Amino acid sequence: MNEEKNIIQKAEEELKKRYTRNMAVASSNLCVHCGMCIDQCHYHMATGDPKVSPVAKAEHIRKVMKKEHDWLRRIFPRWVGAGELTEEGLDRWVDAAFRDCTLCQRCIVNCPMGVDTPLVMATARGVLNAIGKSPEILRELADAAISREENMEFFKEFYLEQIKSMEEELQAKVGDPKARIPIEVKGAQILYVPLSGAHTIMPESEIFYHAGASWTISMFEASNYGVFLQDPVRAKRITERIVKEAERLDVEEVVITECGHAYATSRWEAPKWFDRPWKFKVRSILEVMDEYIRLGRVRLDPSRNKGISVTYHDSCNLGRNGGLFEEPRRILRACVKDLREMTPNRRQSICCGGGGGLVALADYDDARLKAGEPKARQIRATGADTVVASCDNCRHQLGQLNEHYKLNVNVVGLAELMVNAIVPKKIPLGTEKTWAVSNGPSLEMSQVSGAQG
Amino acid sequence: MGAAMEDSFLRFVKFDLQIVALSWLVLAYLIKIYQILRLPHPREVAPRKGSQELGVIYSYASLFFPWSMESTRHHLWRWFEFAIYHLGAGAAILATFTIPFAPSIMTRHIRLAMAVLVAGAFVMGILKLWRRILSPDLRVVSTPDDYFSLAGVEVFFLFTVMALATGSSGWMKAYFITTAAFLFYVPFSKISHYVQWFFARAFFGLRFGRRGILTPKRAES
Numbered sequence: 003m004n005e006e007k008n009i010i011q012k013a014e015e016e017l018k019k020r021y022t023r024n025m026a027v028a029s030s031n032l033c034v035h036c037g038m039c040i041d042q043c044h045y046h047m048a049t050g051d052p053k054v055s056p057v058a059k060a061e062h063i064r065k066v067m068k069k070e071h072d073w074l075r076r077i078f079p080r081w082v083g084a085g086e087l088t089e090e091g092l093d094r095w096v097d098a099a100f101r102d103c104t105l106c107q108r109c110i111v112n113c114p115m116g117v118d119t120p121l122v123m124a125t126a127r128g129v130l131n132a133i134g135k136s137p138e139i140l141r142e143l144a145d146a147a148i149s150r151e152e153n154m155e156f157f158k159e160f161y162l163e164q165i166k167s168m169e170e171e172l173q174a175k176v177g178d179p180k181a182r183i184p185i186e187v188k189g190a191q192i193l194y195v196p197l198s199g200a201h202t203i204m205p206e207s208e209i210f211y212h213a214g215a216s217w218t219i220s221m222f223e224a225s226n227y228g229v230f231l232q233d234p235v236r237a238k239r240i241t242e243r244i245v246k247e248a249e250r251l252d253v254e255e256v257v258i259t260e261c262g263h264a265y266a267t268s269r270w271e272a273p274k275w276f277d278r279p280w281k282f283k284v285r286s287i288l289e290v291m292d293e294y295i296r297l298g299r300v301r302l303d304p305s306r307n308k309g310i311s312v313t314y315h316d317s318c319n320l321g322r323n324g325g326l327f328e329e330p331r332r333i334l335r336a337c338v339k340d341l342r343e344m345t346p347n348r349r350q351s352i353c354c355g356g357g358g359g360l361v362a363l364a365d366y367d368d369a370r371l372k373a374g375e376p377k378a379r380q381i382r383a384t385g386a387d388t389v390v391a392s393c394d395n396c397r398h399q400l401g402q403l404n405e406h407y408k409l410n411v412n413v414v415g416l417a418e419l420m421v422n423a424i425v426p427k428k429i430p431l432g433t434e435k436t437w438a439v440s441n442g443p444s445l446e447m448s449q450v451s452g453a454q455g
Numbered sequence: 003m004g005a006a007m008e009d010s011f012l013r014f015v016k017f018d019l020q021i022v023a024l025s026w027l028v029l030a031y032l033i034k035i036y037q038i039l040r041l042p043h044p045r046e047v048a049p050r051k052g053s054q055e056l057g058v059i060y061s062y063a064s065l066f067f068p069w070s071m072e073s074t075r076h077h078l079w080r081w082f083e084f085a086i087y088h089l090g091a092g093a094a095i096l097a098t099f100t101i102p103f104a105p106s107i108m109t110r111h112i113r114l115a116m117a118v119l120v121a122g123a124f125v126m127g128i129l130k131l132w133r134r135i136l137s138p139d140l141r142v143v144s145t146p147d148d149y150f151s152l153a154g155v156e157v158f159f160l161f162t163v164m165a166l167a168t169g170s171s172g173w174m175k176a177y178f179i180t181t182a183a184f185l186f187y188v189p190f191s192k193i194s195h196y197v198q199w200f201f202a203r204a205f206f207g208l209r210f211g212r213r214g215i216l217t218p219k220r221a222e223s
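As you go down the protein sequences, you meet chains A and B in turn.
Numbering of the first sequence is given in my numbering, commencing with residue 3 and proceeding in unit increments.
Numbering of the second sequence is given in my numbering, commencing with residue 3 and proceeding in unit increments.
Here chain A stands alone, though its shape is the one from the complex (with noise of 0.2 Å):
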């Protein structure tokens, strides 16, 4: 009983640390219960449920907020929806907080109010991280990309053979053994940030060998499990390890890898948690690859991904809650020949189910395939071959959303997709032997070690 007690006081004044001016608005009157945002949530789209719509989960949430700050609070609690935070109703936060939303932002796009319930449901995680109910395997990855820092002599050593032996096979594929995978390069223009596994540092290799870059690559990954709990402390730390090596590098620019959550945290949050200033700008790879395209550095023809129609995914994280939208269409337009969009896209793409951490949560695993359904059937609709998308977790959804729908299609990254289109610069264009995409490119580098975008 005690101790239920220390958790639910431990709950409120997590709740009161985050309670700011956006969270104060969030959690009032504001949402009228109008229910406009119900059928753009992927989760009720694929359920019909109206216990999984944005409006339900946020209001486990504040009917708590309400308890502490509606003025008819202490009177008429039931009347305007107040009620006391209790054991059982944080078992509801879990579910609604970690396995029935992705933070995907739709819904706020859609609330003719504004209501930011992706913030509210963002807290929820926060407030059960610091009262440790969320999932132990998010703490775990975060803690172990905090490890990694703290005990990199031992990561190092294996890091450096990883990389050395990618290298040869970078040069063995560009044809020149003079082709790097630079690391550890001070005043290099570019610190790139990959994900664990080849699969994102062999096609951006090969990007940067072709643009000609000055690069040098991390030795820690984007991706960053603090956010998925909310952690400020965690998220910061994770985030630090790569900002410290920027400036130890002292690189113009950190360019984040395929990955969504790495990419909108370091870009648009991670700046707030420092008091000072960066000295260098981060952009994705998307930023850049294209940047590569329209300034000619590298050359592309679309004929050696022949035969294949593509169809791009939005992932929340790039586009709707990182800016990122004409930048990988542009970069395709030059790869492929056949590019569908699915309806609706950019702003409103609907989640594909694995955002949020969900693709590590192995519990929630029949929830995700089924949240992915609206995804899976949009998909279809095109009638695409490929499916590129530019965030690991999204990919790995969609490769398990390929197989439980039966799509048929093949999930690739895109910068897997732009190498294949690459035409080396010593060839003359047009003159080169084109490579066999007979449905859709290689795969080799897409099998995905964990998904972690």
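No lab work stands behind these hints, which were simulated from the structure alone.
Values in this document were obtained by computation on a predicted structure and should not be read as measured data.
From the three backbone atoms N, C-alpha and C, an ideal C-beta is built for every residue, glycine too.
One or more of the hints may lead you astray.
What the hints assert, rightly or not - Going by beta-carbon spacing under 8 Å, a handful of chain A positions derived as facing chain B: (1) LYS18; (2) TYR21; (3) VAL27; (4) MET38; (5) GLN42; (6) GLY83; (7) ILE110; (8) GLY116; (9) ASP118; (10) LEU162; (11) ARG269; (12) TRP270; (13) LYS274; (14) GLY325; (15) GLN350.
What the hints assert, rightly or not - Derived pair list, reagent style DSS-like, types lysine-lysine, alpha-carbon separation capped at 25 Å: (16) LYS158(A) x LYS188(A); (17) LYS7(A) x LYS18(A); (18) LYS188(A) x LYS166(A); (19) LYS34(B) x LYS281(A); (20) LYS51(B) x LYS19(A); (21) LYS283(A) x LYS246(A); (22) LYS19(A) x LYS274(A); (23) LYS69(A) x LYS34(B); (24) LYS69(A) x LYS135(A); (25) LYS51(B) x LYS274(A); (26) LYS51(B) x LYS238(A); (27) LYS283(A) x LYS34(B); (28) LYS427(A) x LYS180(A); (29) LYS238(A) x LYS188(A); (30) LYS18(A) x LYS34(B); (31) LYS7(A) x LYS19(A); (32) LYS19(A) x LYS69(A); (33) LYS238(A) x LYS135(A).
Assemble the complex: chain A is given as a structure, and chain B must be docked to it using the hints.
Only chain B this time, still in chain A's reference frame:
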């Protein structure tokens, strides 16, 4: 004597009571605004990709563009319902000022036009209430205040229509008494949502505008 008493009572509900109720509303809103402004507000500091200013303008203006959101585009009727309801509410509130303070502009035609607007809002309110009662999606999130506020506004609309259409002293009294009761209750209810609406839309515009998400080019196709 009776008529004189009636007039003085009408005058009381029309002026004194309204001023007291309105003063309370203003005070309550100032407190609400203060309660929001005193809280910490983490600012966006990342370099801009788009315009925050245009974002805020877009955010407020989107109210008038049902095509800017998929929710309103798919439920166009609900947007019309919202528009008519709020236009009627605006007319009903405006009448509480124009009847006592600018009676000369309240010609028969103006009164009838306002009555029609408010009657439209009344019908939309019935539909809203009906939907809230019938829809399982809405029932699951509705509080007693949701039903009461809607019903209360319906009574207010009804008395407004009758007062505007007939101009009779009895309906006028009912109208002004309801208005005062309404003004006293509003700060405690969801009807006060429009105070927070200004903040919410600004926050939305600042964030999404800065990130370059709200410019028309970036809208979905």
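Cross-check of the supplied hints:
no.: 1; hint: LYS18; in the structure: violated (11 Å)
no.: 2; hint: TYR21; in the structure: holds (6 Å)
no.: 3; hint: VAL27; in the structure: holds (5 Å)
no.: 4; hint: MET38; in the structure: holds (4 Å)
no.: 5; hint: GLN42; in the structure: holds (5 Å)
no.: 6; hint: GLY83; in the structure: holds (4 Å)
no.: 7; hint: ILE110; in the structure: holds (7 Å)
no.: 8; hint: GLY116; in the structure: holds (4 Å)
no.: 9; hint: ASP118; in the structure: holds (7 Å)
no.: 10; hint: LEU162; in the structure: violated (32 Å)
no.: 11; hint: ARG269; in the structure: holds (6 Å)
no.: 12; hint: TRP270; in the structure: holds (5 Å)
no.: 13; hint: LYS274; in the structure: holds (5 Å)
no.: 14; hint: GLY325; in the structure: holds (4 Å)
no.: 15; hint: GLN350; in the structure: holds (4 Å)
no.: 16; hint: LYS158(A) x LYS188(A); in the structure: holds (17 Å)
no.: 17; hint: LYS7(A) x LYS18(A); in the structure: holds (16 Å)
no.: 18; hint: LYS188(A) x LYS166(A); in the structure: holds (19 Å)
no.: 19; hint: LYS34(B) x LYS281(A); in the structure: violated (40 Å)
no.: 20; hint: LYS51(B) x LYS19(A); in the structure: violated (30 Å)
no.: 21; hint: LYS283(A) x LYS246(A); in the structure: holds (14 Å)
no.: 22; hint: LYS19(A) x LYS274(A); in the structure: holds (16 Å)
no.: 23; hint: LYS69(A) x LYS34(B); in the structure: holds (16 Å)
no.: 24; hint: LYS69(A) x LYS135(A); in the structure: holds (22 Å)
no.: 25; hint: LYS51(B) x LYS274(A); in the structure: holds (16 Å)
no.: 26; hint: LYS51(B) x LYS238(A); in the structure: holds (23 Å)
no.: 27; hint: LYS283(A) x LYS34(B); in the structure: violated (39 Å)
no.: 28; hint: LYS427(A) x LYS180(A); in the structure: holds (15 Å)
no.: 29; hint: LYS238(A) x LYS188(A); in the structure: holds (24 Å)
no.: 30; hint: LYS18(A) x LYS34(B); in the structure: holds (18 Å)
no.: 31; hint: LYS7(A) x LYS19(A); in the structure: holds (18 Å)
no.: 32; hint: LYS19(A) x LYS69(A); in the structure: holds (16 Å)
no.: 33; hint: LYS238(A) x LYS135(A); in the structure: holds (20 Å)
In this structure, the hints that do not hold are numbers 1, 10, 19, 20, 27, in rising order.
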